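Number of protein chains: 2
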Amino acid sequence: MNEKLISSIEPFYVMEILEKANKLEEKGRKIVHLEIGEPTESVHPFIKKEAISGINRNNDKYSHSLGLPALRNSISKKYFKDFNLKISPDRMAITTGASSALVLSLLATMSKGDEVVLVEPYYPCYPQLIKIFGGKVKIFTTRLDENFQINTSKFKSFISSKTKLIILNSPSNPTGVSQSAKVLKFLSSLKIQIISDEIYQGLNYEAETKTILNYAPSAIVVNGFSKLYSMTGWRLGHLIVPMKLIRGVQKLQQNMFICAPVISQYGAIGALRISKNEIDSLLSEYKAKRDFMLSALNDLGIDVGYSPDSSFYVFCNMEKYCKDSLKFSLDILNRVGLAVAPGRDFGPTFNGYIRLSYSSSFKNIKNGLKRLKKYIKEYT
Amino acid sequence: MNEKLISSIEPFYVMEILEKANKLEEKGRKIVHLEIGEPTESVHPFIKKEAISGINRNNDKYSHSLGLPALRNSISKKYFKDFNLKISPDRMAITTGASSALVLSLLATMSKGDEVVLVEPYYPCYPQLIKIFGGKVKIFTTRLDENFQINTSKFKSFISSKTKLIILNSPSNPTGVSQSAKVLKFLSSLKIQIISDEIYQGLNYEAETKTILNYAPSAIVVNGFSKLYSMTGWRLGHLIVPMKLIRGVQKLQQNMFICAPVISQYGAIGALRISKNEIDSLLSEYKAKRDFMLSALNDLGIDVGYSPDSSFYVFCNMEKYCKDSLKFSLDILNRVGLAVAPGRDFGPTFNGYIRLSYSSSFKNIKNGLKRLKKYIKEYT
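Residue numbers (our numbering), protein chains in the order written: chain A, 195 to 574; chain B, 195 to 574.
Just so you know, the hints here were simulated from the structure itself, not pulled from any lab data.
Some hints could be false.
In silico EDC-like pairs for lysine to aspartate or glutamate, Cα to Cα no more than 16 angstroms straight-line [stated by the list, open to error]: (1) A:K560 / A:D518; (2) B:K571 / B:D525; (3) B:K571 / B:D503; (4) B:K255 / A:D474; (5) B:K514 / B:D503; (6) A:K325 / A:E309; (7) A:K217 / A:D525; (8) A:K438 / B:D308; (9) B:K217 / B:D525; (10) A:K224 / A:E235; (11) B:K356 / B:E309; (12) B:K560 / B:D518; (13) A:K198 / B:E340; (14) A:K521 / A:E210; (15) B:K275 / B:E402; (16) A:K560 / A:D503; (17) A:K275 / A:E402; (18) B:K358 / B:E402; (19) B:K325 / B:E402; (20) B:K376 / B:E340; (21) B:K198 / A:D308; (22) A:K255 / B:E232; (23) A:K358 / B:E197; (24) A:K356 / A:E400; (25) B:K255 / A:E197; (26) A:K306 / B:E204; (27) A:K557 / A:E479; (28) B:K438 / A:E197; (29) A:K481 / A:E572; (30) B:K358 / A:E479; (31) B:K306 / A:E197; (32) A:K255 / B:E235.
Computed footprint of chain B on chain A, listed as stretches where at least three residues anywhere in the stretch have a Cβ under 8 angstroms from a Cβ of chain B [unchecked claim]: (33) 249-260; (34) 268-281.
Sample of chain A residues lacking proximity to chain B, with all beta carbon distances greater than 12 angstroms (derived) [stated by the list, open to error]: (35) K224; (36) K325; (37) S354; (38) R429; (39) V443; (40) L466.
These numbers were taken from a predicted model, which means no experiment stands behind them.
Cβ coordinates follow ideal geometry from the N, Cα and C atoms, glycine included.
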């Protein structure tokens, strides 16, 4: 057994909350879930239609290792429409979720011992994947009172000639903040390879949606269909790399995955046919949920202190009530039956935080916040 | 760029054949494909029904990281029915194809520099995956005149205290041979961790189908739904590990993949409901195709010289016509429009071989062998 590796991988603390919540539910207790990182929306009928038609027409054998040409073409067109960018389908790989896109991009770019900079708070998988593939994690921390923006002058003195990769996640999980154009420009000027995880791209409520590719043409982009299109279980993502990397990515994909799930690839073709109007109305709904959550938190005396402008998360500083976010989250669960994600999953600096998701129904969000109110009133 | 890693990964030579074949087809030439490693059968209606019902009922969000409990239970029952083995669903992971099962099992067991023994001829991905994750490949070669069985006394002196893992593939791609019970017993007695890739399990035409788990309870088993159930594009596999490894596998799965594609997991539940009668009639058809292929080869003066008793491949020694299987395969393609898989994909020793697949229709197989006859008659 590779005990050293296995034991170095940290569990997701939110899983402890989930497991505990499941046990309580088995005992008949009603739990409200605001810890989830996936939309509870049904997928659009276009997605269902294309997938079912793929199944019925027996289009379910291996695809091209880089993905169905029709899907890569549709994604290419979307980049042109949304960002005025010409991205050749030839430097695109359709992947098994954004997760595999991240795996492929790390393996294609990182050598053993390479220093990889993460921006804290970060998606919990990043440091684990870097460890699994033998890189060295270096953590740059952003601050709530700087709206979780990367402080460019601090960042400049933070990186060194040893920094081989920067992993960016904008819009961010867990803060729900997008980095500004100024920050993206700055990062692009550093001449360090960027892997930009844009899985929450499109879920923007204040400013226009962005891609690093408008600033750094040789950045690697990780994206997928899980969040904007609610296709989490379909496991479908895509990866855009500079042309010189695509052959390497393809060889890795052939050996590790053969190709991405084909029924899901057809579903994704359907997703890209959804009209702008329908996406816009989805976005207004998310925006209304966000606004409701922020104002309800305000009513509880919790000023989040920054502007979550994208994705579907609010990252709450609870330091006045809690030092250990796992204990705190378990206590909330036990006392009032509300599940939240503990901040320590997103970096050691944020162990006094919890992450709340507004990706579920209005009713669920309302119920959850009512329970949080009760908790704060009665147990803190 | 991780140039060292990327450039060390060998391409699949069969891809050169495929690309060339595609180009010829684009020009209007009719090509017969016997190089393919996937069944051309449509999937069973049960598979379609369960998958479509999953889509329509919106059961398409993330599943448990180890897979849907209902699917793991069905697989557990199958092991009891087929092999009289009680395999707890708790030590099973549903994976994104057998490919990911292999990736997870290597990462969970292999440390950097560990020596991994492969049995040549081997599935081309094995040495590449071992290289990608930092292991050392050691190749044990089997011989046609020993029916591609592992010679146990030679194997005993081949391994050393440095051998940390053995990857077994029985039934085998590319030979279509299953290792005997005697060999499985022998391997199990060595007290070296075995990863047994049983993806062709069930496709047996002479003897009963076997699993290493009947001989080595602590072996790791890689399996999936691509071959027996023709679900290649669905990307669904499963992994069975000793209980002490499952937590590590789960942590790797959560970070690298989250979970296997959920629509495909529902499809697989359908696959496991297919009756024994229907599987038996599929097997008789494969057997008839194999017999036809062997007798047609015999008519061409090619005695394959061993007994391919399983999977859907025949591995032909063509050394009397060819020294370089890639050149030879390209020549066959150019001259008579027949695509075959070059032997060098399966190990350096077998560069005088080609692999023929009988996983397509009778008509296609007949056409292919007619073309091979023409080639041998006119161009050798």
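Verification of the supplied hints:
no., hint, result
1, A:K560 / A:D518, "violated (25 angstroms)"
2, B:K571 / B:D525, "holds (14 angstroms)"
3, B:K571 / B:D503, "violated (28 angstroms)"
4, B:K255 / A:D474, "violated (22 angstroms)"
5, B:K514 / B:D503, "violated (24 angstroms)"
6, A:K325 / A:E309, "holds (11 angstroms)"
7, A:K217 / A:D525, "holds (15 angstroms)"
8, A:K438 / B:D308, "violated (31 angstroms)"
9, B:K217 / B:D525, "holds (15 angstroms)"
10, A:K224 / A:E235, "violated (21 angstroms)"
11, B:K356 / B:E309, "holds (6 angstroms)"
12, B:K560 / B:D518, "violated (25 angstroms)"
13, A:K198 / B:E340, "violated (40 angstroms)"
14, A:K521 / A:E210, "holds (10 angstroms)"
15, B:K275 / B:E402, "holds (13 angstroms)"
16, A:K560 / A:D503, "violated (20 angstroms)"
17, A:K275 / A:E402, "holds (13 angstroms)"
18, B:K358 / B:E402, "violated (30 angstroms)"
19, B:K325 / B:E402, "violated (34 angstroms)"
20, B:K376 / B:E340, "holds (14 angstroms)"
21, B:K198 / A:D308, "holds (14 angstroms)"
22, A:K255 / B:E232, "holds (8 angstroms)"
23, A:K358 / B:E197, "holds (14 angstroms)"
24, A:K356 / A:E400, "violated (36 angstroms)"
25, B:K255 / A:E197, "violated (32 angstroms)"
26, A:K306 / B:E204, "violated (20 angstroms)"
27, A:K557 / A:E479, "holds (13 angstroms)"
28, B:K438 / A:E197, "holds (11 angstroms)"
29, A:K481 / A:E572, "violated (30 angstroms)"
30, B:K358 / A:E479, "violated (55 angstroms)"
31, B:K306 / A:E197, "holds (12 angstroms)"
32, A:K255 / B:E235, "holds (10 angstroms)"
33, 249-260, "holds (count 8)"
34, 268-281, "violated (count 0)"
35, K224, "holds (20 angstroms)"
36, K325, "violated (9 angstroms)"
37, S354, "holds (20 angstroms)"
38, R429, "violated (4 angstroms)"
39, V443, "violated (9 angstroms)"
40, L466, "holds (17 angstroms)"
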